Amino acid sequence: MHVFADPTNFDAYVSGFLWILKLTGASAVIALVIGVLLAAMRVSPVPVLRGFGAAWVNIFRNTPLTLVVFFCYFGLYVTLGLSLSQELDLNRYWLGVIGLSTYTSAFVCEAVRSGINTVPAGQAEAARAIGLSFAQTLRIVVLPQAARSVIAPFGSILIALCKNATIVGTIGLLESSNIMKDLINSNGDAVIPIFLVFAGTFAALLIPTGYFFGWLANRLAVKR
Amino acid sequence: MTTGEPLIVLDSVNKWFGPLHVLDDVSLSVGRGEVVVVIGPSGSGKSTLCRAINRLEPINSGTITFDGQTLPAEGKALAKLRSEVGMVFQSFNLFAHKTILENVTLGPIKVRGEKPAAARERGLALLDRVGIANQADKFPAQLSGGQQQRAAIARALAMRPKAMLFDEPTSALDPEMVGEVLDVMTSLARDGMTMVVVTHEMGFARHAANRVIFMADGKLVEDAAPAEFFANPRSERAKDFLSKILTH
Ligand SMILES: Nc1ncnc2c1ncn2[C@@H]1O[C@H](COP(=O)(O)OP(=O)(O)O)[C@@H](O)[C@H]1O
Ligand SMILES: [Mg+2]
Numbered sequence: 001m002h003v004f005a006d007p008t009n010f011d012a013y014v015s016g017f018l019w020i021l022k023l024t025g026a027s028a029v030i031a032l033v034i035g036v037l038l039a040a041m042r043v044s045p046v047p048v049l050r051g052f053g054a055a056w057v058n059i060f061r062n063t064p065l066t067l068v069v070f071f072c073y074f075g076l077y078v079t080l081g082l083s084l085s086q087e088l089d090l091n092r093y094w095l096g097v098i099g100l101s102t103y104t105s106a107f108v109c110e111a112v113r114s115g116i117n118t119v120p121a122g123q124a125e126a127a128r129a130i131g132l133s134f135a136q137t138l139r140i141v142v143l144p145q146a147a148r149s150v151i152a153p154f155g156s157i158l159i160a161l162c163k164n165a166t167i168v169g170t171i172g173l174l175e176s177s178n179i180m181k182d183l184i185n186s187n188g189d190a191v192i193p194i195f196l197v198f199a200g201t202f203a204a205l206l207i208p209t210g211y212f213f214g215w216l217a218n219r220l221a222v223k224r
Numbered sequence: 001m002t003t004g005e006p007l008i009v010l011d012s013v014n015k016w017f018g019p020l021h022v023l024d025d026v027s028l029s030v031g032r033g034e035v036v037v038v039i040g041p042s043g044s045g046k047s048t049l050c051r052a053i054n055r056l057e058p059i060n061s062g063t064i065t066f067d068g069q070t071l072p073a074e075g076k077a078l079a080k081l082r083s084e085v086g087m088v089f090q091s092f093n094l095f096a097h098k099t100i101l102e103n104v105t106l107g108p109i110k111v112r113g114e115k116p117a118a119a120r121e122r123g124l125a126l127l128d129r130v131g132i133a134n135q136a137d138k139f140p141a142q143l144s145g146g147q148q149q150r151a152a153i154a155r156a157l158a159m160r161p162k163a164m165l166f167d168e169p170t171s172a173l174d175p176e177m178v179g180e181v182l183d184v185m186t187s188l189a190r191d192g193m194t195m196v197v198v199t200h201e202m203g204f205a206r207h208a209a210n211r212v213i214f215m216a217d218g219k220l221v222e223d224a225a226p227a228e229f230f231a232n233p234r235s236e237r238a239k240d241f242l243s244k245i246l247t248h
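Those protein sequence lines, which keep their order, are chains A and B. Per the UniProt record's numbering, residue 1 is the first one in the first sequence, and the count goes up by one each step. Per the UniProt record's numbering, residue 1 is the first one in the second sequence, and the count goes up by one each step.
Calculated from the structure, these hints are not laboratory results. Check before you lean on any hint, since a few could be wrong.
Unchecked claim - Computed from the model, here is a short list of chain B residues facing chain A with C-beta under 10 Å: (1) R51; (2) L78; (3) L81; (4) R82; (5) F89; (6) F95; (7) P116; (8) K162; (9) L242; (10) I245; (11) L246.
Claimed, not checked - Calculated Cβ distances over 10 Å to all of chain A for the following chain B residues: (12) H21; (13) S27; (14) S29; (15) G33; (16) N60; (17) E74; (18) E84; (19) G86; (20) A96; (21) G107; (22) L143; (23) V178; (24) R190; (25) D191; (26) R237; (27) D240.
Because the structure is a prediction, the values reported are computed rather than measured. Even glycine gets a Cβ: it sits at the ideal position worked out from N, Cα and C.
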């Protein structure tokens, strides 16, 4: 454990995981918003919107995340000149958030859509029959009932997102996996302990997350 | 009881599900305050007819007019029309995540923009009218089928509809609960509500209906006063159908 007793190393370790948490937090919120909108498009009566939603899901669900994040960096930033911050690190962070959230939104969309499919069609019909619009039907009647069956998949998506955040390391952000690589490079005698500390930290973050979502899903399980 | 121009008019309505001709040149008019019972064998298109009237099911040709206006295609105008036509389903379809009172007040608040307090008061009065005021704060799953269907009727009435459509409202109920729902419907009919009722409850058809429509294979085969229809059905299909349901 002498590696982490060194304050410089310890600070690097902490800041690496802070990046992971920040990437996860921002991407989760954005992916949730985009994913729900995409799901609404996919069940809407407008063919153009349905097509757009389907295309988005098919593109991002079937492209390796590394490619998506690379595209954000080399495509959006290097080639197209999209700079999101003067600070190099923050720019990488936001480009990473764009990549992570577009990619994750495809999975959120599909989770929400399958949740919508668990709500009996009669619920939406009754809503339309009293004069609610499509948006109201979705927002007031269908989504609240779909939410209950979407909680558990959301937990899995969030866990995957947190681990996927390490991929932003490939465009130079000093998140946990990059820090781990640096520490291993300069402490060849302590590879296994370093590895265990990083893996253990992910486990310590994610195992409770998994249990929390499981608990929430049970609590909200639909009564019929 | 029928006054002025008819409220619901179907003119040469056709509807296909793929190759299946579900509504075959159906023309029908329902006067204001009139109660029309629709009967016919399973699969004859009764539900489709009912659902076409508030455009839950779009039609392929012909016209449907409600209160002097052709049914709007989509959007706000259609939502407005639907809010003026109450619909009661075989499977109740109460909003499972809302209390009974919330089910009844949702439309008035979200569609009509009524004040929650006023909607609540009227909602409670409607629940009282259908005899389940004491169930107001329960969720649908906590009620019996008969109570749920009465709540569904109250939900439809809360929109102050010009007409009510019932699609086999008692078919999913245990026999001992059929009466309580039919009683509510009978009292609505007596109060002058325009109603289209798909049902196999012949007692209701005899006593509450002004007309009975018999459908078979998507066609409107007979249209007669109840007494006449039950005493002298003209078509073989109707005779055959009646002999089957009346002997059981
Ligand atoms: N959404 C649908 N898609 C395809 N066929 C349908 C659909 N809804 C109803 N049908 C068919 O249309 C016919 C008429 O159905 P319906 O109007 O429900 O009859 P009824 O209510 O008289 O039993 C039936 O043969 C039924 O199987
Ligand atoms: Mg039917």
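How the hints compare with the structure:
Using the Cβ-Cβ criterion of 10 Å, the hint placing R51(B) at the interface with chain A is satisfied: the shortest such distance is roughly 8 Å. The interface hint given for L78(B) is met, as the beta carbon of that residue sits about 9 Å from the closest beta carbon of chain A, less than 10 Å. Nearest Cβ of chain A to the Cβ of L81(B): about 8 Å, under the 10 Å cut. The hint holds. Because the smallest distance between the Cβ of R82(B) and any Cβ of chain A comes to about 5 Å, under 10 Å, the interface hint for this residue holds.
With a least beta-carbon distance of about 6 Å to chain A, the hint placing F89(B) at the interface is held under the 10 Å criterion. Checking F95(B) against chain A by beta carbon gives a least distance of about 6 Å; that is within 10 Å, so the hint holds. Because the closest C-beta pair between P116(B) and chain A is about 14 Å apart, greater than 10 Å, the hint is violated. The closest approach between the C-beta of K162(B) and any C-beta of chain A is roughly 13 Å, which is over the 10 Å cut-off, so the hint fails.
Proximity of L242(B) to chain A is violated relative to the hint, the smallest CB-CB distance being about 30 Å (cut-off 10 Å). With a least beta-carbon distance of about 26 Å to chain A, the hint placing I245(B) at the interface is violated under the 10 Å criterion. Interface hint at L246(B): violated, since its Cβ lies 31 Å from the closest Cβ of chain A, which is beyond the 10 Å cut-off. Once the 10 Å rule is applied to beta carbons, H21(B) is consistent with being away from chain A; the minimum gap is 23 Å.
The claim that S27(B) is not at the interface with chain A holds, since no C-beta of that chain comes within 10 Å of its own (minimum 24 Å). The beta carbon of S29(B) is kept farther than 10 Å from every beta carbon of chain A, the shortest such distance being approximately 22 Å. Annotated as non-interface, G33(B) keeps its C-beta farther than 10 Å from every C-beta of chain A; the closest such distance is 22 Å. At the 10 Å boundary, the C-beta of N60(B) stays outside the reach of chain A, the nearest C-beta of that chain being 17 Å off.
At the 10 Å boundary, the C-beta of E74(B) falls inside the reach of chain A, the nearest C-beta of that chain being 7 Å off. For E84(B), the non-interface assignment is contradicted: its Cβ lies about 8 Å from the closest Cβ of chain A, within the 10 Å cut-off. For G86(B), the shortest C-beta to C-beta distance to chain A comes to about 8 Å, within the 10 Å cut-off, and the non-interface label is violated. The claim that A96(B) lies off the interface is violated: its Cβ sits roughly 6 Å from the closest Cβ of chain A, which falls inside the 10 Å cut-off.
Not every C-beta of chain A lies more than 10 Å from that of G107(B), the closest at about 4 Å, which undercuts listing it as non-interface. Every C-beta of chain A lies more than 10 Å from that of L143(B), the closest at about 12 Å, which supports listing it as non-interface. The claim that V178(B) is not at the interface with chain A holds, since no C-beta of that chain comes within 10 Å of its own (minimum 20 Å). No beta-carbon of chain A comes within 10 Å of the beta-carbon of R190(B); the shortest separation is about 24 Å.
With a least beta-carbon separation of about 20 Å from chain A, D191(B) lies farther than 10 Å from that chain, consistent with its non-interface assignment. With a minimum CB-CB distance of about 30 Å to chain A, R237(B) clears the 10 Å threshold, and the non-interface call stands. In this structure D240(B) is separated from chain A by more than 10 Å, as the shortest Cβ-Cβ distance comes to about 32 Å.
Of the numbered hints given earlier, the model fails hints 7, 8, 9, 10, 11, 17, 18, 19, 20, 21; all others are met.
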